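Undergrad: Given next are the chains, with one letter for each unit.
Protein chains: 2
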Amino acid sequence: MKVEKLKGFRDHYPEDMEVRNYFFKKITNAAENFGYQLIDFPSLEPLDLYRLKSGTEIVNQTFSFTDKGGREVTMIPEATPSTVRLLTARKDLPRPVRWYSFPKVWRYEEPQEGRFREHYQFNADVFGLDSEEADAEIVGLASSILDYLGLSGVYEININDRFLMEYVLKDLNIEDIPDAFSIIDKYKKVDKSSFIEAFKGIGAGEDEIKKILSLLGEKVDIGNMEKKIKRVVNNYEEIKPRIERIKKTFDLIGLYTESKINFDFSIVRGLSYYTGIVFEAFDVKGELRAILGGGRYDGLSQLFTQEKIPAAGFAIGDAVIELLLKRQNLWLKRNIKESYYICNLSSENDDYIIKVASVIRSLNKIAVVDMTHRKISSQMKSASGFDFAVIIGEREIEENTLTVKNMHSSEQSTIGYDEFFLKLRSGNN
Amino acid sequence: MKVEKLKGFRDHYPEDMEVRNYFFKKITNAAENFGYQLIDFPSLEPLDLYRLKSGTEIVNQTFSFTDKGGREVTMIPEATPSTVRLLTARKDLPRPVRWYSFPKVWRYEEPQEGRFREHYQFNADVFGLDSEEADAEIVGLASSILDYLGLSGVYEININDRFLMEYVLKDLNIEDIPDAFSIIDKYKKVDKSSFIEAFKGIGAGEDEIKKILSLLGEKVDIGNMEKKIKRVVNNYEEIKPRIERIKKTFDLIGLYTESKINFDFSIVRGLSYYTGIVFEAFDVKGELRAILGGGRYDGLSQLFTQEKIPAAGFAIGDAVIELLLKRQNLWLKRNIKESYYICNLSSENDDYIIKVASVIRSLNKIAVVDMTHRKISSQMKSASGFDFAVIIGEREIEENTLTVKNMHSSEQSTIGYDEFFLKLRSGNN
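Those protein sequence lines, which keep their order, are chains A and B. Quick note on numbering: the numbering used here labels position 281 of the first sequence as 326, and the sequence is numbered without any gaps. Quick note on numbering: the numbering used here labels position 424 of the second sequence as 469, and the sequence is numbered without any gaps.
These are computed hints drawn from the structure, not numbers from a lab. Remember, it's a predicted structure, so these values are computed and weren't measured experimentally. Don't take each hint at face value.
For chains that are exact copies, the list does not tell them apart, and a pair is met inside one copy or across any two.
Calculated cross-link-like contacts (lysine-lysine; reagent style DSS-like; alpha-carbon spacing at most 30 Å) [what the hints assert, rightly or not]:
1) Lys-450 x Lys-273
2) Lys-113 x Lys-231
3) Lys-231 x Lys-264
4) Lys-234 x Lys-275
5) Lys-371 x Lys-410
6) Lys-245 x Lys-233
7) Lys-233 x Lys-113
8) Lys-264 x Lys-468
9) Lys-231 x Lys-426
10) Lys-382 x Lys-426
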């Protein structure tokens, strides 16, 4: 019998995990420096949590089932609803609240490049602030994370505003906003004629569709965004305050990052809970899917409580980031801890050898004891990849010494036990 | 509508997560110092992976279901089968292989103190070695982890040997070994008469049951273990080599830890895949469930491949450890990074403030900007819990200075921007 892993799921071996972990820590480190604090929540939640607000597409793509107690449950497809549940369950938390999490999430969809059925997803959210400053901080954190990862100049951020878009659509006499967003969400994936047909299907006239297309055409800088809007809406003054807010947000984002920030009317994001700014980051070459995405979602708290709590956040999946880091040749192993491989040439005296290993470990360095009792040449082969080989035979045990070989320089010498640890403690090895 | 979290699942807020994370890092740090390397695998696996070798009890307690593609799958109830799958899938790995992982695992069972339906489980395993040295390293790592956590003297380790137990049971003419183990596994949970009845049910005679009871009575040191065995088995010489191995293992474990190590014939562990040493750690007061458990399982590789690969490992759940650390008053918040709360008294000039925050962050310290535009007293209240408050108003912006208050000593002074960062960089704040 041979049991294989499920389709769309990944195994990760140490050579991979070391690098992943290195970058995961960079991400969480950036979040911590911004004052975001780690939370955690169940990987399994009631399916109802996603039914109302996440959009039907997501619910259809869940690993959901009925548990042994008859409950309809799902492996979480995203972190936001759980995060908001935690927030609303605690009335005592002084706001604003800044949180991050790094759970696995699951989606039942066809695996493709940069998309799996299971992935780690970093999330950051700020609650209790509805302002340009808060919007800019969230985009600024997203951008800073990519900068911390070494991706400055490799990505750009595309921004839209759902509030603005909703105004525009209503101004163009389009009533069915959710469907309109869902059509716009597929703008880049379908051909122009089916896009137009879809909009006709929800009652839009030809003029209106032309206007929408004039917006979606290409991403622009913030000045040209204003010009485009002026050409499309009937009463610019009415929406001007919102435009001012967006302009101010763009200014503030520029204080966090030197990366390119565009306005892109075609970014609406599939999730139905967004209410304000929405954004995605892409590689500038445009080769990959979105690196991250997020936005403002002020209404989601009402799933759990009367109160409408301002909220903005974003999520980064691990898969596209990994692809991008690999293409930038940044996916490299970093030796963080000094490592020692202890070749054991004595047949009996484990005491001395295990003592040596224990002391090395107590200094927060890696020590592996060879337990194979093979000949020295085979043991030394296993030592490659370590920083040092420590050779201990009968002579060393008798004389209370160690033979230490620097595996990078190939220098080798026999030194006293005390001298060795004196050097190790002072960091002069 | 109010959606609540599922029964037996936990939310974790920042105050909790900080402490958890601190201890999780202690655990992984110990594993890394022993040369164990991190792996990761899916949280969802084919149910077949557990059907054959994990024992029926576990399979009945899984969150298992049929996925949208008709596959019988389960949220993983333990890490060992997946770990062995990863091992056998890679023929190129030089052995011994030392791995650790820290996944969530799920069991559908009644929640009780120290037992939830979802928990994090640390796992460490060594593959390719079948020796006293390897057995001792695994127990030694388990013990060192508890020592790293600050629990020295608070726990003891109880050890048995499934190979020895199987020999004894067969020597007492008991044929149905799996059932016998399963009865012994419940020894401490049932009364004596039902224990005796259960053994009679698998054909054991009164004399044999008396002998088994003489072993299980209480845990002993390694010398008394030998005496007990001598009184029970018919031909001591036949099993003597195994006793010698166990004695040697105990000697070696003593090189890793000063904690108490007992031999306990009643420890057999529920899982059907163990083949040699088995062990559990308990708090010395005996108040809690097992803190960790593991053993040797040389046959499990044959789920995936012809080859029988020697293997030994253990797992630590997060729940009992947390209870124990709390009872020892070790569950305390540790400030790891220096933190700065920036009170913003300017209404317009975000540039200066965000620049200050960015530079603090770039020095790997925490900086939070107050974005509420409240009066200074309210902002200062939010600064409590931080190491420093940085107050920036119109005057500071004009003069290119910062007013810094040490929140521990209450000292406050206004200093120049350059001077501030010079001090910060040199670590003399």
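Undergrad: Please go over all the hints and tell whether each is borne out by the structure.
TA: Taking the hints in turn, this is what the structure says about them:
In this assembly of identical chains, Lys-450 and Lys-273 lie within 30 Å of each other by CA distance neither inside one copy nor across copies; the values are 69 Å within and 48 Å between. In the homo-oligomer, the alpha carbons of Lys-113 and Lys-231 lie at most 30 Å apart only across protomers (25 Å), although the nearest pairing inside one protomer, at 38 Å, exceeds that limit. In the homo-oligomer, the alpha carbons of Lys-231 and Lys-264 lie at most 30 Å apart inside one protomer (16 Å), although the nearest pairing across protomers, at 67 Å, exceeds that limit. For a Cα distance limit of 30 Å, the shortest separation of Lys-234 from Lys-275 inside one copy, 27 Å, qualifies, whereas the shortest one across copies, 77 Å, does not.
Proximity of Lys-371 to Lys-410 under the C-alpha cut-off of 30 Å is found in both arrangements, the shortest distances being 28 Å within a copy and 29 Å between copies. Only within a single protomer do Lys-245 and Lys-233 lie at most 30 Å apart by alpha-carbon distance; the minimum there is 18 Å, versus 73 Å between protomers. Proximity of Lys-233 and Lys-113 under a CA criterion of 30 Å is satisfied inter-copy only: 28 Å between copies versus 42 Å inside one chain copy. Taking CA atoms no more than 30 Å apart as the test, Lys-264 paired with Lys-468 passes in neither setting, with 59 Å inside one copy and 44 Å between copies.
In the homo-oligomer, the alpha carbons of Lys-231 and Lys-426 never lie at most 30 Å apart, since the shortest distance is 55 Å inside one protomer and 47 Å across protomers. Taking the closest pair of Cα atoms, Lys-382 and Lys-426 come within 30 Å of each other only inside a single copy of the chain (20 Å); across copies the shortest separation is 40 Å, beyond that limit.
In this structure, the hints that do not hold are numbers 1, 8 and 9, in rising order.
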